[in-house]
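> Chains as they are written, first to last, in the numbering used here: chain A, 1 to 235; chain B, 236 to 493.
These are computed hints drawn from the structure, not numbers from a lab. Since the structure is predicted, the reported quantities are computational estimates derived from the model, not experimental observations. Just so you know, even glycine gets a beta-carbon here, dropped at the ideal spot from N, CA and C. Treat the hints with care, since some could be wrong.
Said to hold, decoys possible - Here chain B is said to cover these stretches of chain A; the calculated rule only asks that three of the stretch's residues, wherever they fall, bring their Cβ under 8 Å from a Cβ of chain B:
#1 6 to 17
#2 57 to 70
#3 102 to 115
Said to hold, decoys possible - Take a look, some chain A residues computed to stay more than 10 Å from chain B by CB distance:
#4 ALA36
#5 GLY44
#6 SER46
#7 PRO84
#8 ARG85
#9 VAL87
#10 LEU88
#11 ALA137
#12 LYS144
#13 LEU148
#14 SER154
#15 LYS199
#16 HIS210
#17 ALA219
#18 GLY231
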Amino acid sequence: MPTPLVVSDVAKSFTMHLRDGINLPVVAGVSFSIKAGECTVLGGPSGAGKSSILKMLYGNYAVDEGQIIVMHEDGLVDLAHASPRTVLAIRRQTIGYVSQFLRTVPRVSALDVVAEPLVERGEEREAARDKARALLAKLNLPEKLWALPPATFSGGEQQRVNIARGFITAHPILLLDEPTASLDATNRDVVIELIAAKKAAGVALLGIFHDHEVREAVADRIIDVTAFAPGKLAA
Amino acid sequence: MTDEPLLRVAALSKFYGSRVGCDNVSFDLWPGEVLAVVGESGSGKTTLLNCLSTRLLPSSGTASYRMRDGQFRELYRMSEAERRFLMRTDWGFVHQNPADGLRMTVSAGANVGERLMAVGDRHYGKIRATAVDWLSRVEIDEDRIDDEPRAFSGGMRQRLQIARNLVTGPRLVFMDEPTGGLDVSVQARLLDLLRGLVTDLGLAAIVVTHDLAVARLLSQRMMVMKDGRVVESGLTDRVLDDPRAPYTQLLVSSILQV
């Protein structure tokens, strides 16, 4: 199986200039790879740096040290040192991301929020909307909500819009930051199904799941993030 | 997607006597990209915008623009007439105060049509039809086409200014605080409109704003300015979620949560 993403020796810390410049190390010596057709899970307690790792892989956090090698458009790119323009291209074509919370845009309907990533990749708007409808129906989002902007939706409804938006494209790498946190059992099962379908399609998934059941159902491999605690580097 | 930028800016500086307007600013802008320039009042962001749009000449540095024929031209070496032509055809400039970008004593339709005539359109019926189409795209009712912008609300004036700027199909649009001074509901409508137009038309835009939420919504890339210098730049969400420079951290931590 191909390995579309390799992380080697990545370190991240935050310097808080408003707090007299104190330095808060988050992770160090992060090294792992993920494989196509597998779901790798980042494990460890809150604050261990799981979300920070995902955010670095999406270019959302800067990387202090190390490399993040991504297979992008038949070549290898180091995301940790890529230009903003390259990171945007990688997000468009290669790495998808389901964040913990939906960032809503005023006045854009749930349907278009979900269809947007496909339109950005050049798909016809109506074809993209059809796929969005199918996915929202699968996730049991009531049809009467589709035409409304998601800002006023409940947490679980927003989460489902967010999941649909992340799963609609055929990105070869998909990052999942607690996609099932605010879902009921039925919809959790739908997400497990969707993840299984992505695996079957050869997508490399990397996720954070606090929910035991989901983790048991989807994980092929668990990476213990506490091994990357900044103090442990010497050990 | 092309591999060449639309605009290349190198070491651009503007001094007002001994005071610094902007100092040593360099960046490239690609087609379809929206760059936000943020910073507080007096940080030099408007000076930068005015230099880039050649409304002001810099003290030093260069800016070259890729013309429609693919050739790069050095902006500050063009003749005044060439620059004016560029401004009328290939560029747009959306002012914070719509009164600066509109002609307040001619009708809304004429405000839009005038730009078309400037690029050589002469057919009245066609100009009027295009004007109607653009007014509807910026959500102004057709029956207001013969009214003067003086009779419009602030939000409508701003939408009219946007229509006036985009009607000629520019490739690069400069915006100076496009949502400043508007009510939040009006602002949301305008932002949504701008976002849609920029995506649909594949425009490149440079947006000066002190509002980080506006920057997050509209731009992919961001430059943070302080005292005329760029203190941080990068992907918009990276700069806002992981600010590195002390000044950016201060800006981000000063946002009010709703």
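> Take the hints in turn and mark each one as holding or not.
Results for each hint:
1. Residues of the stretch 6 to 17 of chain A with a Cβ under 8 Å from some Cβ of chain B number 4, which satisfies the need for three, so the listed coverage holds.
2. Only residues whose beta carbon comes within less than 8 Å of a beta carbon in chain B count, and the stretch 57 to 70 of chain A has 4; three or more means the coverage holds.
3. With 4 residues having a beta carbon nearer than 8 Å to a beta carbon of chain B, the stretch 102 to 115 of chain A meets the requirement of three or more and the stated coverage holds.
4. Once the 10 Å rule is applied to beta carbons, A/ALA36 is consistent with being away from chain B; the minimum gap is 26 Å.
5. With a least CB separation of 21 Å from chain B, A/GLY44 remains clear of the 10 Å interface cut-off, as annotated.
6. The non-interface label for A/SER46 is consistent with chain B: the shortest C-beta to C-beta separation is roughly 18 Å, beyond 10 Å.
7. Taking the minimum C-beta to C-beta distance to chain B, about 4 Å, the non-interface status of A/PRO84 is violated against the 10 Å cut.
8. Its beta-carbon lying about 6 Å from the closest one in chain B, A/ARG85 breaks the requirement of being farther than 10 Å from that chain.
9. With a least CB separation of 6 Å from chain B, A/VAL87 falls inside the 10 Å interface cut-off, contrary to its annotation.
10. The claim that A/LEU88 lies off the interface is violated: its Cβ sits roughly 6 Å from the closest Cβ of chain B, which falls inside the 10 Å cut-off.
11. Remark: the non-interface label on A/ALA137 is consistent with the geometry, its nearest Cβ contact in chain B lying 26 Å away (cut-off 10 Å).
12. Non-interface call for A/LYS144 relative to chain B: holds, since the shortest CB-CB distance, roughly 22 Å, exceeds 10 Å.
13. For A/LEU148, the condition that its CB be more than 10 Å from all CB atoms of chain B holds, with the nearest at approximately 14 Å.
14. For A/SER154, the shortest C-beta to C-beta distance to chain B comes to about 18 Å, beyond the 10 Å cut-off, and the non-interface label holds.
15. With a least beta-carbon separation of about 28 Å from chain B, A/LYS199 lies farther than 10 Å from that chain, consistent with its non-interface assignment.
16. Distance to chain B confirms A/HIS210 as a non-interface residue, since its nearest Cβ pair spans about 21 Å, more than 10 Å.
17. At roughly 27 Å from the closest C-beta of chain B, the C-beta of A/ALA219 stays outside 10 Å, upholding its exclusion from the interface.
18. Distance check for A/GLY231 against chain B: the nearest CB is about 22 Å away, which clears 10 Å, and the non-interface claim stands.
When the structure is compared with the earlier hints, violations turn up for hints 7, 8, 9, 10 and for no others.
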